[in-house]
Amino acid sequence: MSTSGLDVARVRADFPILHQEVRGRPLVYLDSAASGQKPQAVLDAIAHFYTHDNANVHRGVHLLSERATEAFEGAREKVRRFLNAREAQEIVFVRGTTEAINLVAQTFGRKHVGPGDEVLITELEHHANIVPWQMLCEQQGAQLKYVPVDAHGDLVLEGLDALLTPRTRILALTHVSNALGTVVPVKELVRRAHAKGVPVLVDGAQAVTHFPVDVQALDCDFYAFSGHKLFGPMGIGALYGKKALLEAMPPYQGGGDMILSVTMEKTVYNRIPHRFEAGTPDVAGAVGLGAAIDYLEGLGREAIAAHDQALLAYAEGALGGVPGVRLLGHGRERSGVVSFVMQDIHPHDIGTILDREGVAIRTGHHCAQPLMKCFGVAATARASLALYNTREDVDALVAGLHKVREVFA
Amino acid sequence: MSSELRDLYQEVVLDHGKRPRNFRAVEGANHRAEGFNPLCGDQLTVALKVEEGVIRDIGFQGQGCAISRASASLMTGAVKDKTCEEAELLFARVHQLVTEGPAEVDTEALGKLTVLSGVSEFPARVKCASLAWHTLRAALHGAPEPVSTE
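The listed protein sequences derive, respectively, from chains A and B. Using full-length UniProt numbering, the first residue of the first sequence is number 1, and each one after it goes up by one. Using full-length UniProt numbering, the first residue of the second sequence is number 1, and each one after it goes up by one.
Careful: at least some of the hints might be erroneous.
The calculated SDA-like cross-link candidates involving lysine to any residue, where the alpha carbons are at most 25 Å apart (straight line), are [to be verified]:
| # | chain 1 | residue 1 | chain 2 | residue 2 |
| --- | --- | --- | --- | --- |
| 1 | A | Lys145 | A | Val156 |
| 2 | A | Lys373 | B | Phe23 |
| 3 | A | Lys187 | A | Ala306 |
| 4 | B | Lys80 | B | Gly28 |
| 5 | A | Lys111 | A | Gln143 |
| 6 | A | Lys373 | B | Gly62 |
| 7 | B | Lys18 | A | Asp344 |
| 8 | A | Lys403 | B | Phe23 |
| 9 | B | Lys18 | B | Thr99 |
| 10 | B | Lys112 | B | Arg93 |
| 11 | B | Lys49 | B | Leu39 |
| 12 | B | Lys18 | B | Glu52 |
| 13 | B | Lys18 | A | Val322 |
| 14 | B | Lys80 | B | Val12 |
| 15 | A | Lys373 | B | Phe36 |
| 16 | A | Lys266 | A | Gly256 |
| 17 | A | Lys196 | A | Lys243 |
| 18 | B | Lys18 | A | His402 |
| 19 | A | Lys403 | B | Glu11 |
| 20 | B | Lys18 | A | Glu406 |
| 21 | A | Lys403 | B | Lys18 |
| 22 | A | Lys373 | B | Arg24 |
| 23 | A | Lys403 | B | Asp15 |
| 24 | A | Lys403 | A | Asp344 |
| 25 | A | Lys373 | B | Pro102 |
These stretches of chain A come out as covered by chain B in the derived footprint (C-beta under 8 Å, 3 or more residues) [what the hints assert, rightly or not]:
| # | segment |
| --- | --- |
| 26 | 181-191 |
| 27 | 230-238 |
| 28 | 372-382 |
| 29 | 399-407 |
For the record, the hints were derived by calculation from the structure and aren't laboratory data. Glycine residues also receive a C-beta, built at the ideal position from the N, C-alpha and C atoms.
Just need the whole structure built from these sequences, with the hints factored in.
In C-alpha cells form, the structure reads like this:
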C-alpha cells in the first residue's frame, strides 16, 4: 500500500522486527511514540562499527581510533544537517531527550535562574519536560508556571504575553504532544518569547520522526530529541543549542574528554560540544543514529510527513466509528498519535485485550499526568503511527476494539 | 476469545469491575491508606474500621481498570469480619495466586477470590490485581506514605 509517495511495503521490508507473530498473530506495532523500530540499515551500521571500527574516540593515535572518531563526528554532522543547525559544534550527543533537558536545566538553568525567577512550560508536557524544571525551581527558589491547554488540546496563547514576565528565564515546550498529537506552533511561541528576551527550549522527541525540523527557521535556542524514537538505537540522543549559548554555559558532568587540561589545582574545559560530553560516548549509538537519519532522508521527510497525515486522518475516521470510543485531542494541527478512551472500559483492559490480538498500543498516562488531569481522565489508550504503519494496521486495531466491546458487553 | 483472556475476564471479575461492592467511604474508619499504580496512574483509597483486632467495616474509592476494581471489590467482601491476621494470610495467598497461578495455592481457602487466578498469565496485570491488597496491608500497618506498586 502506498500513501502520498511513500512506498510503505518497501519500508516495511526494511524493518525485520515487524515480520513476526506475537501471541500467535501477526504483529501490529502501534507504539512508535514510545519507541520506534529499527531498519536493517541501522542494525547493520551498529554491527559494522563493532565488527570493524570499535575503539575509543578523540584519544588514540591508531587507525581504529581514527575511524571511530570519524564515524562519531560524522554522525554529529548528520544530526546538524538533519536539524539544519549552522555548525556541528552546536550538536551535543546525550543519552536522549530527557538527558538533554536535564543538561540545559542544570547548566543554563542553574546559571540564569535565581530566587523569585520563573520557568515557563506548558500543560502539554510529558514528565521529561516537567520534572527537570521542577527540580531546578526547587534548587533555585524559582517558580514553575504553565501555559494552559484548552479542551481541544491546543495551547491557550491569549494569555501568553502575561505569562512571559520580566522574571521568566526560559520557556520549555514540546513540539508535538506525545499524549494528544497536538503540533505546537513553536515558531510563533519562539517569536513571542524572544520579543521579551526569553530563550526557548523545544522538546522535539515526537516531532522529528514525523516531519522536517529546521532549528534556524524556528529560531529556538535549544532543541532536544532521542535516537530510539527516530528509529535509531536506544541510549543516544542529541541536544542542539545555539553556539553562543552553549559557549557561555558551565559544564554539565565532569570527566574525560570535557577538559583541555587538568592540574591538581585547576581544570581548563574543552570547547563545545565536547565540554558537555564527559566520558566515553556511545559511539555505536551515534553511528546508528546517523544511519537512521540517512535512512529517513533517503525516503524523503516530506513523503514521511504526508504519510503521517494521511494515515492519521484514516485512523481518526476509523476509530471514531467504533461505538463508545471517544477521541481526545482535536488540536488544530496534529501528528502521529490517536489518543482515545472507551466508555466504561479502562485503557489498561483495552491494552491487554488488543495485545492478545497482536496489536501493541500504549495505555496509561503517557508520562503526562498533569495533562491527563486537564482532560479529567487517569489514562488513555494511544495508538501511535510511524512510517511503516498501514491502513491494515489501523483496521486490525479497530477489529481489536470490537473484541474489547465483546468482552465487556 | 483466547482461553487466557476468558480466564482473566471471568464473569465474576467483570461483574465486580462494573459494580464494585463496598465502593464507598467508611464511617468511623480508623485505618486508611492510599495506593498508586504509577504505570497507569490508577489510584485508590482503602478505609477500614477495626475493632478489637477484627475488621468490622471496609470500603474503597478511586479509579482503576476492571481487574483492579474487581480485586478491590472482592477483597472488601473477603476480609470483612476477619481478624487482621486472617486478612494478612489472605493477602499472602492472593499474592501467590496472581503471581504463580492456582496450582500453587490452597484455592479452597481463597473461595471466590480464585477468580483472580487468570491474572497469573498476564504479568503486566499483576500490579492491577495486587494494588488494593498492598494498600489494605499498608492501612493495617498504618504506613504513613502512600503505597506504590513500583
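Hints, one by one, checked against the model:
{"no.": "1", "hint": "Lys145(A) <-> Val156(A)", "in the structure": "holds (14 Å)"}
{"no.": "2", "hint": "Lys373(A) <-> Phe23(B)", "in the structure": "holds (22 Å)"}
{"no.": "3", "hint": "Lys187(A) <-> Ala306(A)", "in the structure": "holds (21 Å)"}
{"no.": "4", "hint": "Lys80(B) <-> Gly28(B)", "in the structure": "holds (15 Å)"}
{"no.": "5", "hint": "Lys111(A) <-> Gln143(A)", "in the structure": "holds (15 Å)"}
{"no.": "6", "hint": "Lys373(A) <-> Gly62(B)", "in the structure": "holds (14 Å)"}
{"no.": "7", "hint": "Lys18(B) <-> Asp344(A)", "in the structure": "holds (8 Å)"}
{"no.": "8", "hint": "Lys403(A) <-> Phe23(B)", "in the structure": "violated (28 Å)"}
{"no.": "9", "hint": "Lys18(B) <-> Thr99(B)", "in the structure": "holds (24 Å)"}
{"no.": "10", "hint": "Lys112(B) <-> Arg93(B)", "in the structure": "holds (13 Å)"}
{"no.": "11", "hint": "Lys49(B) <-> Leu39(B)", "in the structure": "violated (30 Å)"}
{"no.": "12", "hint": "Lys18(B) <-> Glu52(B)", "in the structure": "violated (33 Å)"}
{"no.": "13", "hint": "Lys18(B) <-> Val322(A)", "in the structure": "holds (21 Å)"}
{"no.": "14", "hint": "Lys80(B) <-> Val12(B)", "in the structure": "holds (19 Å)"}
{"no.": "15", "hint": "Lys373(A) <-> Phe36(B)", "in the structure": "holds (15 Å)"}
{"no.": "16", "hint": "Lys266(A) <-> Gly256(A)", "in the structure": "holds (14 Å)"}
{"no.": "17", "hint": "Lys196(A) <-> Lys243(A)", "in the structure": "holds (21 Å)"}
{"no.": "18", "hint": "Lys18(B) <-> His402(A)", "in the structure": "holds (19 Å)"}
{"no.": "19", "hint": "Lys403(A) <-> Glu11(B)", "in the structure": "holds (16 Å)"}
{"no.": "20", "hint": "Lys18(B) <-> Glu406(A)", "in the structure": "holds (15 Å)"}
{"no.": "21", "hint": "Lys403(A) <-> Lys18(B)", "in the structure": "holds (18 Å)"}
{"no.": "22", "hint": "Lys373(A) <-> Arg24(B)", "in the structure": "holds (22 Å)"}
{"no.": "23", "hint": "Lys403(A) <-> Asp15(B)", "in the structure": "holds (18 Å)"}
{"no.": "24", "hint": "Lys403(A) <-> Asp344(A)", "in the structure": "holds (15 Å)"}
{"no.": "25", "hint": "Lys373(A) <-> Pro102(B)", "in the structure": "violated (38 Å)"}
{"no.": "26", "hint": "181-191", "in the structure": "violated (count 0)"}
{"no.": "27", "hint": "230-238", "in the structure": "violated (count 0)"}
{"no.": "28", "hint": "372-382", "in the structure": "holds (count 3)"}
{"no.": "29", "hint": "399-407", "in the structure": "holds (count 3)"}
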